[in-house]
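K.L.:
Work out the full structure: start from the sequences and follow the hints.
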Amino acid sequence: MGAEKMTIISDKTSASETNGPPPRKKICLSLSGKGKTKPSVTVAEADSPSEMSVTVNRGDLNKRRVVRVRKDALEPGMMLNGFVPDSVNSIAASDDSPGSDVPPVATICNLGNTCFLNSILYTLRFAPYFLHKLHHLVNDLADVAARNNAKVKSSSLGRSIGLSRKYYWDMEQMRASGENCAKKRVQIVTEKLHEVYESLHSAELKESTEPFQPEIFLRALREVNPIFEGNQQHDAHELLGCLLNYMRETCQELTKQLETHPNPAELCNGASSCEDVKKETKGSLLAHVGLSSSTSSIVSGGKWGMRKSWKRKKPLGENILKTNRSTKNGSQTSVINNGNSAPHSSNGDSTSNIENAPNEPRILVNGEVHDTTDVDNTNKENGSCTLRPLQEGDEGETTDDKTRLNFIEEDFEGVSVLCTRCLECECVTERKEAFYEIGVPIASDQDPEKREDSDQISVLYRSSIVTEELLQSANKYWCEHCLRYNEARRSVRYESLPPLLILHLKRFSSTFGSMVCMSKVNDYMPTPLVLDCFCVECLEATAQEQGVKHRYQLYGVIMHLGATIASGHYVAYVRAADPIADYRSCDKEKRKTASLIATNTTKGPSQPDGEKARGLLRFFSKSKSSNSDNVSTNHLTNSQYRNTCRSLDCCGVRMSKAYQPGDSKVSTANGCANDDDAEEEGPEPSWLECDDETVRVLTPQQLEDILAPKQSKNSSLTPYLLFYSRIP
Amino acid sequence: MMTHKTSGSSGKKKVQVSYVIREETEPRHRSGVNSLQYSPTLQRLYSAGRDGIIRVWTPSNTKEPLVLTMEHHTDWVNDIVLCCSGRNLISASSDTTVKVWNAHKGFCMSTLRTHKDYVKALAYAKDREQVASAGLDRAIFLWDINTLTALTASNNVVTTSSVSGNKDSIYSLAMNPSGTVIVSGSTEKVLRVWDPRTCSKLMKLKGHKDNVKALAVNRDGTQCLSGSSDGTMKLWSLGQQRCMQTFHIHDEGVWALLVNDAFTHVLSGGRDRKIFMTDLRNPDRRVLVCEETEPILKMISTPDQTGIWVATSASSIKQWSLPKLPTLSENSHPADYDEAPKPFNSKPDVTIKGGAAIRQFNILNDKRHIVTKDTENNVAVYDVLKATKVEDLGPVDYEEEIKKRHKMTYVPNWFNIDLKTGMLTIHLGQDENDCFSAWVSTKEAGLSPSEAADQKVNYGNLVLQALLEHWWRPLANDEEGDGQGDPPNSVSNTHTRGGNEYFSVSGHTPVILSEVGGRTLYRLLARDAGGETEGVLLNETVPSWVVDIVMEKTLPVFIKIPFYLLPHGSSGMRTKKDRLIANDFIQVRKVAEHVLEKVLGAGSESGSVAAGPANADKEADDAQDSNSLPEEKVELLCNDVMLEPNMDLRTVRHFIWKSSSDLVLHYRPVK
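Heads up: the protein sequence lines correspond to chains V and E, in order. Residue numbers for the first sequence follow full-length UniProt numbering, beginning at 1 and rising by one. Residue numbers for the second sequence follow full-length UniProt numbering, beginning at 1 and rising by one.
Don't take every hint at face value.
The list that follows gives simulated cross-link-like pairs (lysine to aspartate or glutamate, DMTMM-like), each with its CA atoms no further than 25 Å apart [what the hints assert, rightly or not]: (1) K13/E - E540/E; (2) K476/V - E432/E; (3) K209/E - E468/V; (4) K476/V - D210/E; (5) K189/E - E430/V.
Hints are computed from structural coordinates only; laboratory data are not their basis.
P.N.:
Now the structure itself:
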């Protein structure tokens with residue numbers, strides 16, 4: 001039996017080039033079966049997936065289930081797929097050692113139907129920039145708290161504590177201490193989330209094999225939202241929405257506190273300082289003081305995470321813009337002009353700076369200035385560059401006047417426009433809404449032919465997301481101009497999409513009128529690894545046959561297995577990119593080590609240019625520095641270490657050593673990526689299957705198989721939440 | 001007047017009663033004008049108003065142009081056609097009906113109820129005296145006019161052929177005079193063409209990017225011109241089934257087209273308010289005829305073809321003169337015509353002035369008076385109860401007038417207001433806004449004839465009785481369910497008379513029975529309800545809940561408010577929580593009376609009050625007087641606010657308690 005399996009595997013390894021669909025399928029299924037069966041302690045319905053797959057693979061799989069024990073031995077073998085031999089060796093080596101089953105990353109324990117929670121925790125952990133920003137948010141909160149009551153650092157800072165969950169302060173204790181009285185519960189959730197990641201980090205440091213138990217976090221969560229009480233299965237999507245909201249509120253709270261404590265230079269960058277993009281340093285801050293100066297940060301609009309300033313967020317949700325068609329454009333441009341004017345006036349000299357000094361920048365020591373310089377260089381756009389990003393600029397920022405000090409809003413929030421046009425008077429009413437995720441109805445009648453073509457898939461998604469409907473017959477629209485019910489055409493468009501886009505496949509539909517009976521739609525919906533952007537701007541570009549301006553790359557999938565929303569199992573699949581990219585050029589860190597800033601700034605230009613140039617892009621170019629310097633997370637050169645935010649060592653992802661060579665190899669191989677499409681075509685960073693206590697590495701092929709259409713409709717392991725990050 | 005396919009009251013949908021507050025004669029359009037027709041024989045202009053009224057004008061009489069009004073529609077009249085050499089007029093309305101009128105005398109001959117949604121467009125084949133109607137229900141019906149006009153009370157069945165296949169709401173329709181083709185334009189963005197003689201589908205023409213709102217077909221049915229919301233006009237060859245030319249002339253949607261008989265020149269207008277005259281063979285040869293103030297809805301040419309009548313979404317109808325065709329040369333507009341071409345006309349030749357439409361309203365707290373503001377910024381005050389205008393305030397500050405009239409009183413909502421016709425339409429129904437929810441005292445409402453008599457009346461009850469004051473019906477026969485014969489005895493007649501003892505509404509007030517949010521069942525004037533045919537139709541359409549009020553004189557139920565009565569903390573009395581229920585219009589004074597008599601006066605009885613809550617309001621209702629005023633002995637508080645003795649409970653709950661939970665009142669004796 002075992003031998004048979006091994007043959008399949010070796011088959012597979014060779015087949016990864018030559019294509020052999022049937023064997024691949026088997027492997028994938030056997031693996032997913034394995035993932036379920038091993039943690040049989042907790043997951044009651046653990047066997048159901050393999051049972052589902054049995055219908056596909058018949059006896060073969062049954063055999064496999066019998067020899068479940070052997071699969072442990074099998075697992076490292078799987079790892080070789082897609083990996084270069086030396087990684088195999090290293091795995092094999094570790095395999096022999098007693099602690100052989102060190103997972104690629106720390107695992108999270110299922111506390112009884114908490115896979116909904118675990119899948120989200122895993123996914124957020126690998127969301128680009130998320131950990132880093134969360135770290136600084138929590139840190140800044142602690143700093144502010146410390147300053148406010150001149151007390152000792154709050155335990156929530158968590159740096160000094162929590163090597164293991166046993167040392168965590170109990171929630172009750174914390175509240176009893178009174179220290180957290182002022183804190184909102186949501187803030188505690190945010191802090192506990194950070195602690196989860198800290199613990200995972202330390203577990204990885206220790207190469208612990210014991211799964212982490214997120215019970216403290218769960219308790220904090222239940223404090224805020226009693227809906228998560230009890231041991232029932234919950235909707236991972238709902239949890240995600242809640243979590244993002246809590247973190248957003250925490251960010252707002254921080255902003256509020258910062259406003260009441262006028263020491264902006266110290267903490268102003270707090271929540272959002274973390275990106276590669278250097279924020280205004282003190283000097284530039286002083287130059288552009290004032291809440292409304294959006295300063296040069298706008299210059300880099302449209303680039304990842306760069307849209308921020310000290311403007312307060314305007315309430316956006318209920319903002320109803322009533323325009324008729326002729327004036328709509330006008331109002332839009334005027335807002336954009338507002339945005340334009342700020343950098344023009346305030347950045348006049350920095351612009352000139354860019355134009356003539358690409359090689360000796362940083363006279364202003366203004367983060368954006370030298371950013372722009374880099375963008376300038378790489379984009380070959382020269383002086384016009386300062387304007388260009390603005391024009392193509394992020395509509396979300398300019399039109400809704402929403403420049404934020406809130407990384408949740410910044411990274412996860414997009415703006416949708418509900419546009420209603422009365423067919424009688426043809427007046428247009430627009431309502432803008434901020435969103436975290438987009439619900440995608442399952443298109444059950446797709447042409448199977450189209451599944452293969454990525455363009456067609458993008459079209460499929462676009463047509464399910466960007467919709468138009470007629471309000472008619474009994475569902476007419478009350479036109480405020482005609483003062484009556486008329487037919488109307490209503491369309492949903494996306495004015496801006498967030499850097500991190502979450503798609504929620506609407507698999508659960510409540511049958512109307514009946515009780516809470518959610519039936520699941522199991523129909524296949526393709527999961528594109530790269531998705532064309534469908535924001536207004538990109539659609540216009542497509543209409544003019546120019547192609548989209550940005551695209552989205554898949555970094556996570558949460559699959560749901562089971563028949564109803566209240567039961568079943570969640571498994572997260574994440575793209576384990578080298579985390580170091582998220583931490584480089586952290587401004588926050590710099591301010592703390594002022595002397596290093598100086599070295600860095602002078603040193604800056606000589607560094608690989610892509611590094612600072614663009615947030616997301618650089619992220620996806622898979623750590624150029626590890627390419628150029630040929631180092632991985634653990635072996636940073638000094639200069640890099642200085643460049644890298646230390647929070648990486650607090651709560652960052654730390655892939656198990658055994659897996660790192662492979663990873664770094666991958667990134668090295670791909671190191672030449674630049675800002676065109678080439679980078680997506682190169683070998684991907686590995687994907688992890690995170691199923692509660694079990695995390696394993698997948699080859700791209702395995703991932704593809706998992707996402708592929710199941711032959712049987714009974715197979716209910718279906719993608720449910722899709723996580724994308726923007727690539728320019 | 002006949003109803004085609006009498007729908008009766010059998011439908012499942014709830015029926016509401018509505019009435020329009022308006023003048024007896026409305027000589028001017030109160031809102032936009034959707035369509036126009038001109039009768040050369042009588043030299044009359046017919047205009048279809050959004051106020052639901054078709055008006056007939058003699059434009060030559062500039063002082064008194066109005067000849068008559070044709071009032072029977074209850075919603076926008078969307079299209080009209082004159083047929084039978086001007087003897088008859090067909091009208092299509094958003095009340096979902098098509099009506100046949102005697103165009104000379106202006107009375108409605110029959111009502112066609114086959115459409116299920118707004119009827120938006122009509123088309124007329126002159127040679128065959130055939131009319132087609134189409135609307136948002138996607139259906140097209142073909143009507144033979146000679147049959148329609150021959151309908152009588154006994155012969156009221158019309159056979160109609162329908163053309164089907166449309167996938168979306170139809171907004172435009174055209175037929176050629178010989179009736180060989182019919183073209184429809186819809187939100188489907190395609191033109192569909194049929195042969196109306198066989199009702200067979202001929203073709204589908206694709207090309208527009210948006211709704212098609214205007215159509216014209218040439219005489220022999222070989223060419224078609226379409227105007228679309230996408231801002232373009234397209235000339236189609238029906239023979240070749242293709243678009244021959246696209247005209248980008250307007251900045252916004254093209255809503256109205258007028259093509260000359262030779263199909264060589266077109267006048268087009270739409271949302272951009274401009275009217276262009278274009279040579280179809282050479283679109284560069286065009287001239288801006290005029291610029292209107294509102295989007296253009298319809299154009300018809302004057303009999304001598306030298307001018308056009310233009311209807312817009314404003315209420316005035318204007319006549320503009322046209323340039324002579326030969327002058328329509330390329331040099332009639334300079335090469336740089338993009339720079340705002342100068343219109344051929346600067347002023348209209350004739351204007352038939354329209355009136356103002358009410359655009360805003362505010363229901364005052366007494367839920368009886370309404371302050372309105374119209375398109376000319378005039379502010380007026382209306383009395384919903386008596387269905388009449390109270391005061392014209394002129395162009396004053398609307399918000400200020402509302403503020404001025406604000407009273408600290410709360411009366412539940414009992415009606416809905418609709419401004420779609422530019423006039424106040426009041427809907428009485430039994431949905432969220434139950435029309436029987438407002439009980440008031442006649443004294444406060446100023447209804448009681450003398451100071452002394454004070455009674456509780458229900459607003460909805462009074463209005464319904466007043467609206468149907470003249471309606472009578474044979475009770476006995478109705479019970480049997482089949483009799484339509486005359487009432488056998490006059491006694492029952494007198495017994496079934498409606499009306500209330502306080503007021504009547506003007507006889508000209510239109511009363512409308514309609515399905516809630518849907519089709520109109522019947523419209524009549526309040527004074528006509530006594531007529532025989534009207535009586536028959538009322539019997540069919542008036543819902544039972546109205547019959548109960550108007551005929552049976554049943555009183556609507558009282559609205560109750562539960563509340564707790566507690567001694568105030570400062571009084572130092574024992575706290576005993578009494579839950580009471582009283583009518584919502586009970587005044588604080590009555591509660592004080594109750595406290596005095598039942599709670600403080602005879603301490604032993606307080607228990608019984610709590611046990612029998614119904615007692616509370618009975619007690620309070622009775623015995624108007626006691627020798628000394630109760631409010632001098634007991635004061636009541638809510639949320640620690642001293643309550644005025646003449647404030648009623650619902651007002652206390654709304655303005656002081658401000659919560660949906662049970663009202664809590666505290667009492668303390670006055671020392």
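K.L.:
Each hint: holds or not?
P.N.:
Taking the hints in turn, this is what the structure says about them:
A threshold of 25 Å between alpha carbons decides the hint, and for K13/E with E540/E the separation of about 14 Å falls inside it, so the pair holds. About 19 Å separates the Cα atoms of K476/V and E432/E, which keeps this hinted pair within 25 Å; it holds. About 14 Å separates the Cα atoms of K209/E and E468/V, which keeps this hinted pair within 25 Å; it holds. About 18 Å separates the Cα atoms of K476/V and D210/E, which keeps this hinted pair within 25 Å; it holds.
A threshold of 25 Å between alpha carbons decides the hint, and for K189/E with E430/V the separation of about 23 Å falls inside it, so the pair holds.
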